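Number of protein chains: 2
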Amino acid sequence: MTDLTTAMTGLGRRARAAASALRQAPADARTRALTLLSEKLGDAQDDLLAANARDVEAARANGMSEALLDRLTLTPARVAGMVEAVAVIAAVPDPLGVETERWTPANGLDIARVRTPIGVLGVIYESRPNVTADAAALCIRSGNAAILRCGSDCLQSSLAIAGVVAEALSEAGLPADAVQLVDTPDRAAVGLMLGGLDGAIDVIVPRGGKSLVARVQAEARTAVLSHLEGLNHTYLHRAADPDAARAIAVNAKMRRTSVCGATETLLVDRAAAESLLPAVAADLIAAGCELRGDEAARALVPEMTPATEADWTTEYLAPILAVRVVDDLDAATDHIARYGSGHTEAIVTADVEAAERFAAQVDSAIVLVNASTQFADGGEFGFGGEIGISTNRLHARGPVGAEQLTTYKYVVRGQGQIRP
Amino acid sequence: MTDLTTAMTGLGRRARAAASALRQAPADARTRALTLLSEKLGDAQDDLLAANARDVEAARANGMSEALLDRLTLTPARVAGMVEAVAVIAAVPDPLGVETERWTPANGLDIARVRTPIGVLGVIYESRPNVTADAAALCIRSGNAAILRCGSDCLQSSLAIAGVVAEALSEAGLPADAVQLVDTPDRAAVGLMLGGLDGAIDVIVPRGGKSLVARVQAEARTAVLSHLEGLNHTYLHRAADPDAARAIAVNAKMRRTSVCGATETLLVDRAAAESLLPAVAADLIAAGCELRGDEAARALVPEMTPATEADWTTEYLAPILAVRVVDDLDAATDHIARYGSGHTEAIVTADVEAAERFAAQVDSAIVLVNASTQFADGGEFGFGGEIGISTNRLHARGPVGAEQLTTYKYVVRGQGQIRP
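So the sequences go chain by chain: A and H. Following my numbering, the numbering of the first sequence begins with 7 at its first residue and continues without gaps. Following my numbering, the numbering of the second sequence begins with 7 at its first residue and continues without gaps.
This is chain A alone, in the form it adopts within the complex (with noise of 0.2 Å):
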């Protein structure tokens, strides 16, 4: 064994063991936890800036790009987001111990469904510091513990952040191994983790790029919550309110281009191209965005490039939009179908019947009426905060926020029943 197996091991031991604890403290407790840990990011700014520091004076010394420098970088205002983001969490209901279900069968049993968490996550990164706290946070809130690795560019300053977080942990009377950091910066680490760590890990969850994503789902012999893409649709129907399409339209491309609720491609009924699609393509050009449309499209807007099949199933996370004119409903919800990841799809219309028919044929995680794709996102689904967004048909779909990070046994109670 070398010394990252043996070390990674250990790590996993802990982990399970303080899952354990973790699962039987009650929720004042993890509370605790979590509203010591928003004061003690908020007392150490100093030092979580001067730990990213470093990490970003090495990054700049390695050529890391403006952008991705960006990422890394943190500021007062940060590290005020990461204080409100633990905040947030905090004053989330506790999912823990909560009965979703109780029954009486003919048997007599009384048997409840309740609320536990899943045991251990393993949460692999990027460089972005705040993902250490934001998922600490969430772990402490489901009750499952969490070994964090973040990429190697943010190691200082997810450890100054690990540092204060098992500070919160063991004030308020839990494990500090609870939520635990790879304090390595050696690659080999992700692939243990991928192997479950010899059965402690329960579950992956990796944030970042699709990459990494590709490379988590491919290897780990642990389930995954994932998404890889976030390739959505927004279909403007033919009864669309046309200021309604015009601005969800925009919103849904441009708000923010790099994220995965971001729409990806724009369809338009035929029946009302002509009418909604020009001052939508006006719209998206003013604010800067690259449109490439099927022929019937451009006919309408000459500005367009012409799109190709590949434009389909590209997720630009970039201000470039494909749009093509579809026949009708059932044309739009086949193109979803054929192209579309199951991340997000909205419908722009005024026809509550055409808005159901969409609602239902659509496979999709979230399924959006009259409103922008990018609400494709946990805090705004009211969960407090996300861990992540699941295209998995099994266990979570859509924002996985501390109760999706939950699962559940079934409590029996009985009065000596055998069965016959």
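Don't read these hints as lab results, they were simulated from the structure. In this text, all values refer to a predicted model and were calculated from it rather than measured experimentally. Backbone N, C-alpha and C define an ideal beta-carbon position, used for all residues, glycine too. Do not rely on the hints blindly, as some may be mistaken.
Partner residues are not named here, just some residues of chain A that face chain H (Cβ under 10 Å, in silico) [to be verified]: (1) R29; (2) A33; (3) D100; (4) G103; (5) D116; (6) I117; (7) V209; (8) R261; (9) I326; (10) A366; (11) A371; (12) A377; (13) D383; (14) V418; (15) Q421; (16) Q423.
Looking from chain A toward chain H, a few residues come up when the C-beta cut is under 8 Å (computed) [said to hold, decoys possible]: (17) G125; (18) V375; (19) L400; (20) R419; (21) I424.
Fit chain H to the given chain A structure using the hints.
Relative to the frame of chain A, chain H by itself:
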């Protein structure tokens, strides 16, 4: 591509297409298919028995053991059992389209969580022909398409049953491809299913012995709903009612020793061992059970053979019971945490507080108070049947009925909201 690969890929593609149709079919059509299936299985009794006779004859010629021949053999009573099982599933409330939650966060969006099918299930089982009918019925009820792979020994019986399923589906206006049986005994088909058939299979349910489940867990590239073992414990607490302790211990072990809900280890509180154990042991021995005890247990019941460490980790599935005297409730739950498989555990006690503490501490899919572990069964839970029992930490735990074969999507109704 081999012929088999081509054939299996085609099966996957047809299943995926059928899943889309089935997902959008009304509950009435699925109920109608189930009612028809139940009726038609009864009508087809002679054909089913004839097909089964061919399987039994071939198996006998191949030297199959009497125990396995018994599992393979259909009788009029067993056909009636299938008819009844499908009728019960037809009567289960349809799980699809149900809103399990609905709320409005601060952004004013109306968010509904709605149950939807998972998609396509792969069911891999051994030589119990009735599983073909059971699995088909649960998939139809839950709106999932199914690819069924039976043991080669029951292929003729299963083909006959699958023919009736296809008729029932067609007559109800549903795609016959919603339930497909792999019609070749070629064992390579299992490997292809475990590979997911180009993403066509969302989840595999193995139903059979430990070696089958272990292979599926090790090799599947899809999600798996399963349990490897039911290493279940019954704990006789110091405040156990003596009569309940005797009745439950005997039933939990001996009602049927081959089922996954059978108790494999009996834990007895030291404080009550002297008063409880001799009578409980006498009942078990009278029922034909071999007892393997630790030193303290053997001091009270000399008929026991000595238990070794291996006995705490053995799922006997036979009339053998490991018996251990434990210091107290914490020692009992520690033993369960160390040796259990997370399936089903029971406490027998008249002390409500102890019962609740046991239920909170034990982290198994099913925790019973004053009832036999043999209630670990979808039918007993009121699910109308089960496709298996899961010890997964994600998605479904415990008995997996129609509702547990669903996932959900979020349908979000807005009034033109864009995200700031």
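- Output the numbers, in ascending order, of every earlier hint that fails for this structure. Numbers 2, 3 and 9 - these are the hints that the structure violates, sorted from lowest upward.
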